[in-house]
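Residue numbers (numbering that gives the first Met the number 0), protein chains in the order written: chain A, 0 to 290; chain B, 0 to 290.
For the record, the hints were derived by calculation from the structure and aren't laboratory data. Remember, predicted model here, so these are calculated numbers, not experimental data. Be a bit skeptical, because a hint or two may be false.
Since copy identity is lost for identical chains, a pair holds within one copy or between any two.
Distance condition first, Cα-Cα at most 30 Å in a straight line; then the derived DSSO-like pairs of lysine-lysine [unchecked claim]: (1) 237 with 36; (2) 199 with 20; (3) 247 with 20; (4) 36 with 1; (5) 1 with 154; (6) 247 with 192; (7) 154 with 192; (8) 34 with 20; (9) 199 with 154.
2 protein chains.
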Amino acid sequence: MKVAFIGMGTMGAPMAVNILKGGHQVTVHNRTREKEKPVADAGALRAESPQEAAVGADIIITCVSDTPDVEAVILGDNGVIYGSAPGSLVVDMSTISPTATRNIAVSLLQNDIKMIDAPVSGGSEGARNGTLAIMAGGEAADVQRAMPVLEAMGKTITHVGPLGAGQITKAINQIVIAGTYLSVAEGMVLGMKAGLDMQKVIQAIAGGAAGSWVLSNRAVNMVSNAYPLGFRVRLHHKDMGIALEAAKELGVTMPAASLVDQLENGLIARGYGDEDLSAIARSIRELSGLT
Amino acid sequence: MKVAFIGMGTMGAPMAVNILKGGHQVTVHNRTREKEKPVADAGALRAESPQEAAVGADIIITCVSDTPDVEAVILGDNGVIYGSAPGSLVVDMSTISPTATRNIAVSLLQNDIKMIDAPVSGGSEGARNGTLAIMAGGEAADVQRAMPVLEAMGKTITHVGPLGAGQITKAINQIVIAGTYLSVAEGMVLGMKAGLDMQKVIQAIAGGAAGSWVLSNRAVNMVSNAYPLGFRVRLHHKDMGIALEAAKELGVTMPAASLVDQLENGLIARGYGDEDLSAIARSIRELSGLT
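Just chain A, same shape as in the assembly (with noise of 0.2 Å):
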């Protein structure tokens, strides 16, 4: 398939070398020009702008940081709206906006081009190793017609509901981790009051009701009171902006993940923004004055 591919960063250009060595042909665009050219020395061909990237494309991917940067490259000058043919394909990958997400579809479809949300968790490591946890929102159609593609991205590709509901679904992903990270906190600081050998006490309750992702990966992180990334708490407190307007416009009550948010205000603030997001334990050692 001829795809193209906007946004060269720490997950879209991996993402992007991924495809290539998936057999598809990719025409890669990035807004710092030179970032394109670790992913062109892999195979891939050049674009000016979104609008250049976009022509011919069967499918056009974008994969870039917030709401207002995936209506700049579908929408804006020069924007991917502008080059792609009618009955093609768009895939965003960015975390963003549900309804932001459906107001640029509204806009594609009346040129003919069609779209789906498809965000995805994994990490960079996921992104290098093809392994990314994908979850797509669309027409069945559409999801299965980018299938090829995503499975060259991808280890689970989960097809979860209509547009925008890919978005959700990472949203909801980023309000159970959310919780998690803080209740794992709010225990490993308990346990380090009491003295105890946090070692054995992970080992002792990860097997149970209490085991988590976040319990077996990143308590260890908030014993030792070093957060090596991982997923920094900005693009965590990022996707929550997203949660936190979603459950205002659905008319949902969210006291821990708003708790969550409240606190990587405070973490950010006093520049733990580029640490991993176990460093919302910071959060609890500092309010128990614990050094």
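Here the structure of chain A is known, so what remains is to put chain B in place on it, guided by the hints.
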């Protein structure tokens, strides 16, 4: 070994049966005497009181509901302390206050009776199958001495630290569970109000960083709004009281645990105390107008 076992509840009775199966001699006592019968049928002797059960026992196990119950059966009239021989070992497997644990141990030690705390997780199913996780606190030699009996009841036996450390670890378990249930509930309600197929959503996120025992095993309850046991709200709420008391004594700020504790107050008041803990989703559903 000669073992006394005080407390023939949902947990204690099957645990005592497993000790019998392990080849030990067991004498049981329960305040409501007829609850001793099934265990006596399996081969246990019966005693009129905790004191009488303790006479001649190497190890005296207590497994009752709450701190005052443990104080009563060990230190109260006809309590374990009046029957136990110097050099014998009390193993408290109830979930109670770590501070009360240390106070009881001091009283026992004045009569040359040793004590360890060994609360469990894994529920009535784990008690029946001998697959409990046992979190032991106390001196290493005492934990070692109890090991043949603990191994008859549990799969994972971890010596987590000095006396009371088992209770702190159990509190940590319940704290971690609390926030995980709450955040899974928030995510599920958001998805339901957005009209998503929640089975697919769970499948899409359970394998990644949002994964937990709660998400894999209890999120379906939240979606179907039916909460079969499992683990009672009422019992988790009792344990949260212990956890929050420990947090107060140790000086730890636990906003998520406190939030769950408050929501549980309301759940119990509304008549949901005997449902599974996943009923925490009722709070988020009702606050969000999802009927």
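Cross-check of the supplied hints:
Taking CA atoms no more than 30 Å apart as the test, residue 237 paired with residue 36 passes inside one copy only; the shortest distance there is 28 Å, against 60 Å between copies. Taking the shortest Cα distances, residue 199 and residue 20 sit within 30 Å of each other only across copies (29 Å), while inside one copy they are farther apart (44 Å). Taking the closest pair of Cα atoms, residue 247 and residue 20 never come within 30 Å of each other, the shortest separation being 42 Å inside a single copy and 57 Å across copies. In this assembly of identical chains, the alpha carbons of residue 36 and residue 1 lie at most 30 Å apart only when taken from the same copy (19 Å versus 75 Å across copies).
Taking the shortest Cα distances, residue 1 and residue 154 sit within 30 Å of each other inside one copy (21 Å), while across copies they are farther apart (55 Å). In the homo-oligomer, the alpha carbons of residue 247 and residue 192 lie at most 30 Å apart only across protomers (11 Å), although the nearest pairing inside one protomer, at 37 Å, exceeds that limit. In this assembly of identical chains, the alpha carbons of residue 154 and residue 192 lie at most 30 Å apart only when taken from different copies (28 Å versus 41 Å within one copy). In this assembly of identical chains, residue 34 and residue 20 lie within 30 Å of each other by CA distance solely inside one copy; the values are 19 Å within and 67 Å between copies.
Taking the closest pair of Cα atoms, residue 199 and residue 154 come within 30 Å of each other only across two copies (15 Å); inside a single copy the shortest separation is 33 Å, beyond that limit.
Hint violations for this structure: number 3 only, all remaining hints satisfied.
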